[in-house]
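Engineer: Below, each chain spelled out in residue letters.
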Amino acid sequence: MTGLLADLGRASLGVCERLGRGHLFLLQIFLGLPSLARRPRLLMVQVWSVGVQSLLIIVVAGTFVGMVLALQGYNTLVTFGAEQSLGVVVAKSLLRELGPVIAALLFAGRAGSALTAEIGFMKATEQLSAMEMMAVNPVHRIVVPRFVAGVTAMPLLATIFTAVGILGGHFCGVGLLGVDDGAFWSQMQAKVMLVDDVLNGVLIKSLVFGFVVSWIAVFEGYDAVPTSEGVSAATTRTVVHSSLAILALDFILTGLMFN
Amino acid sequence: MRNPDPPIVCIRDLRFQRGARLIFDGIDLDIQRGKVTAILGPSGTGKTTLLRLIGGQLAPSGGSVLVEGQDVQQLGQSALYTLRKRMGMLFQSGALLTDLTVFENVAFPLREHTNLTPALLRSLVLMKLEMVGLRGARDLYPRELSGGMARRVALARAIALDPNMILYDEPFSGQDPISMGILVRLIRELSDALGLTSVLVSHDVAETNSIADYIYVLAGAKIVGVGTPAQLQASSSPMVRQFMGGLADGPVPFHFPARGYLEDLLAPTP
Amino acid sequence: MKDPRLMEISVGAFVAIGLAALLLLALKVANLTQFSPPPGYEVTAYFDNIGGLQVRSPVKMGGVLIGRITHIGFDSKRFQAVVTLRINQIYDGIPSDTAANVYTAGLLGEQYVGLEAGGDDTSLVAGDEITITQSAVVLEKALQEFLYNKTAKSSSPGS
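The listed protein sequences derive, respectively, from chains A, B and C. Going by the numbering used here, the letters in the first sequence line up with residues 1 to 259, in that order. Going by the numbering used here, the letters in the second sequence line up with residues 1 to 270, in that order. Going by the numbering used here, the letters in the third sequence line up with residues 1 to 159, in that order.
Please note that a few of the clues may not be correct.
[Unchecked claim] Below are the DSS-like pairs computed for lysine-lysine, each with C-alpha atoms no more than 27 Å apart in a straight line:
1. C:K28 with C:K60
2. A:K191 with C:K153
3. A:K92 with A:K191
4. C:K77 with C:K141
5. C:K141 with C:K153
6. B:K35 with B:K85
7. C:K28 with A:K92
8. C:K153 with C:K60
9. B:K35 with B:K222
10. A:K191 with C:K28
11. A:K92 with C:K60
[As the list claims (entries may be wrong)] Computed beta-carbon distance windows for the label pairs:
12. B:S123 with A:T254: 53 to 63 Å
13. A:F80 with C:S135: 17 to 27 Å
14. B:S146 with A:V240: 31 to 41 Å
15. B:M127 with C:D3: 18 to 28 Å
16. A:T254 with B:T98: 53 to 63 Å
Hints in this document: simulated from the structure, not taken from any laboratory. Using N, Cα and C, we set each Cβ at its ideal position, and we do this for glycine too.
Work the whole structure out from these sequences, hints included.
Structural biologist: Okay, structure coming up:
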């Protein structure tokens, strides 16, 4: 019994300690931000690797999600004779929830895991240590550009995902199912609000998700046990923790924004 | 000490503990300017840890490490970084940045710390690569290099900022005889031609003997022997004799510390 | 990939695509409705019952969108709902005896305020009140009345 309690205590302390280290690490990242301003090129390379490299999966996934939404929405709406509202259904669900959330989940799997693996590998092969010995701060040189690139790329990716999804929904609804083109857009335009749906929905949510996913990813990489198993475990943790964080935060943000 | 200069590295009563294990227990060590000083010892005696303590990457549990008269532990980050620019370190694995070419790896410290024109940077990098004989490999990526070549590139990178001192971590381990010969020659040449201070930790007795000016023998968390290679060969200390002669058992035990063999075998399974 | 020029171009293209997507969302999807409301003037109207009317519900005249509802309040003296309507400036010649009704678009659609022009020579200006109003049709009430009439009718010839 006392053994169980001791295990529980040790586990909780471990979680607290990790959380503390994670926050201190975030502080280090913030302190390193000015260094990035002097080296914007580093950021560009990372935007390329987390943003441009994720573009394909985002576009493909966005198209299909939009098409499926239109298909399912049509089947439900047509029983009420309200298939004219298909545009609203597709646009609202993509803007408020599916766009930012699915884009962030894909981002965590595609870019977050790659970030963790890359930084963890650099740690395991002493590249970070070598930088320190060359008087180069690895947090400034390696972590900060990757973190900022993740935070910047995520809203762009989510916006692209949402836009492509709406176009996919249009293709499926108007092109394949025969919903009126004018009604599709005009109903959407009447109901979608720039601040509520586009700004709060897509942009703010994806900015928060991008921040959290990038933070988890760079921290897990930097904190990884410098062995093959350590890096692979850290990569798994990045995907699992980011995904859970995205879903939990989405619930909180939805509650705050749309109530 | 025959050299009147103050030593470049001065370690006094250094203690270091990792977990419950005592790695160093009161070590005194001096590294003379412009000489090749080797620290010999069996694997697992914390030789790499010693280099990291000199570089300020680890903090000792007690005692002091003075580099160029400055206590490494007391330095703030910027002062420590200034000091490290005058210090090169060659990691055991080479630790080259895997996403950069050989050229960019050597250029890395220069790009980070100087504002050279591209033309000047290029000539400097090519000079450093020429020194290690790898000017022709400048466009290769680290994954395309053999272990020995990677270490030579890492050496070129370590001397890119013209440091006063280079720390070599196990430069000979896992090398074929040819690349070992090349490295031995390089270390000696760098030391003689550029007046660099070299500190190398190793367990390869023969190679170390061939290039070192001074050798410290480390065993059981303590320094057990100091002197020139010749002095150590003639040493009567059983520890030094065991290590220099490569004997399997002796004062440095073959067995990792454990309870009695019989007791262990008869102990009930937990 | 290692060509820096190519990388610059692709990052530039990525950012451009992202901004284009944002523009699409703002212009084509949201139609910038909330961002820059067209210039307009506000009038109020009292209703006994506004039903499901909400802020930003449309104000229509002859089926054309001419403004939106900007505020809904409750007057505790008159026990009526106060609705503020913002009418676009271009529709400035609306007679002051215009009637406001709460309608429902279709059977299950959203509710809106429909204006029906009167014949007065003076026009509505900012701050005016629309006095002739008709409340929302509450479905339960309408059904109740309908059923009541039905039973009244069907029982009267029988008796």
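Engineer: Now tell me, hint by hint, if it's right for this structure.
Structural biologist: Status of each hint after checking the structure:
Distance hint between C:K28 and C:K60 is fulfilled; the C-alpha atoms sit about 22 Å from each other, no more than 27 Å. For the suggested pair A:K191 and C:K153, the alpha carbons sit about 43 Å apart, so the restraint of at most 27 Å is broken. Distance hint between A:K92 and A:K191 is fulfilled; the C-alpha atoms sit about 8 Å from each other, no more than 27 Å. Taking the CA atoms of C:K77 and C:K141, the gap is near 25 Å; set against the 27 Å cutoff, the hint holds.
At roughly 18 Å between alpha-carbon atoms, C:K141 and C:K153 fall within 27 Å of each other, so this suggested pair holds. At most 27 Å may separate the alpha-carbon atoms for a hinted pair to count; B:K35 and B:K85 meet this at roughly 19 Å. A hinted pair counts as satisfied when its Cα atoms are at most 27 Å apart, and C:K28 with A:K92 qualifies at roughly 14 Å. Only pairs whose Cα atoms come within 27 Å are accepted, and C:K153 paired with C:K60 is rejected, the gap being roughly 37 Å.
As the CA atoms of B:K35 and B:K222 are separated by approximately 22 Å, the hinted pair is consistent with the 27 Å bound. Taking the CA atoms of A:K191 and C:K28, the gap is near 12 Å; set against the 27 Å cutoff, the hint holds. Distance check on the hinted pair: A:K92 and C:K60 sit about 24 Å apart at the alpha-carbon level, within 27 Å; holds. Here the CB-CB span from B:S123 to A:T254 is close to 60 Å, well matched to the stated 53 to 63 Å.
At about 26 Å, the CB distance of A:F80 to C:S135 agrees with the hint of 17 to 27 Å. The beta-carbon spacing between B:S146 and A:V240, approximately 38 Å, falls within the hinted interval of 31 to 41 Å. Judged by the Cβ atoms, the range 18 to 28 Å given for B:M127 and C:D3 holds: they are separated by roughly 27 Å. About 42 Å separates the C-beta atoms of A:T254 and B:T98, a value inconsistent with the hinted range of 53 to 63 Å.
Of the numbered hints given earlier, the model fails hints 2, 8, 16; all others are met.
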